[in-house]
Amino acid sequence: AQTVTQSQPEMSVQEAETVTLSCTYDTSESDYYLFWYKQPPSRQMILVIRQEAYKQQNATENRFSVNFQKAAKSFSLKISDSQRGDAAMYFCAYSQGGSEKLVFGKGTKLTVNP
Amino acid sequence: DAGVIQSPRHEVTEMGQEVTLRCKPISGHNSLFWYRQTMMRGLELLIYFNNNVPIDDSGMPEDRFSAKMPNASFSTLKIQPSEPRDSAVYFCASSLAGSWSYNEQFFGPGTRLTVL
Chain A
10 AQTVTQSQPE MSVQEAETVT LSCTYDTSES DYYLFWYKQP PSRQMILVIR
60 QEAYKQQNAT ENRFSVNFQK AAKSFSLKIS DSQRGDAAMY FCAYSQGGSE
110 KLVFGKGTKL TVNP
Chain B
515 DAGVIQSPRH EVTEMGQEVT LRCKPISGHN SLFWYRQTMM RGLELLIYFN
565 NNVPIDDSGM PEDRFSAKMP NASFSTLKIQ PSEPRDSAVY FCASSLAGSW
615 SYNEQFFGPG TRLTVL
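Same order as they appear, the protein sequences are chains A and B.
My numbering runs 9 ahead of the 1-based position in the first sequence.
My numbering runs 514 ahead of the 1-based position in the second sequence.
With the rest of the complex left out, here is chain A (with noise of 0.2 Å):
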């Protein structure tokens, strides 16, 4: 079965400065989808972006980026610019190719200090 696994519980991060959140997966599938969900305070889960595995462009979407290191099974988001209202828990999510089923990991929980 995939596996997502988010090693840091917890990151910080001044306002204005650039954090990167990891997360690695396993799996033996060669067509999948990555994503990135955030759950602020509120806690409805919003899409930050998402990665399809068989582009080898690493997705952005505004202050958010990810790398996306296909042999290594690694994914991680980069946020430029940190901003107050990115204070949330992040998880990182696998989906198998012609599944809709998600596999989420733990999720880091980001603080940004002023």
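These are computed hints drawn from the structure, not numbers from a lab.
For glycine and all other residues, C-beta sits at the position ideal for the given N, C-alpha and C.
Hints may contain errors.
[As the list claims (entries may be wrong)] Computed from the model, here is a short list of chain A residues facing chain B with C-beta under 8 Å: (1) 42; (2) 52; (3) 53; (4) 54; (5) 56; (6) 87; (7) 100; (8) 104; (9) 109; (10) 111; (11) 113; (12) 115; (13) 116; (14) 118.
Place chain B on chain A using the hints.
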């Protein structure tokens, strides 16, 4: 669109009672998912439906849990009888499944269940 709607937002009940959680997916979406979130186990997929039909219920913990989707705009997750270890946040999500790539899941606000 109002997004995925869940009710109630909070539920407190006593052990042994029946609990029913409700979900209204985004109009036009044809897949619906139920997740449970706890500190110990994180986010787990319990069951998902496609076109109102249960596709995968392998995450349903035991027979005390049941889920239905009588029509495209409504689903329920029922726990009977409830136990303190069922205390968690339950999320419903929906997506528009198709033959192309990946279909984003949109999550509801969750129901926080406390079983005393």
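Against which earlier hints does the structure fall short, listed by number upward?
6, 14
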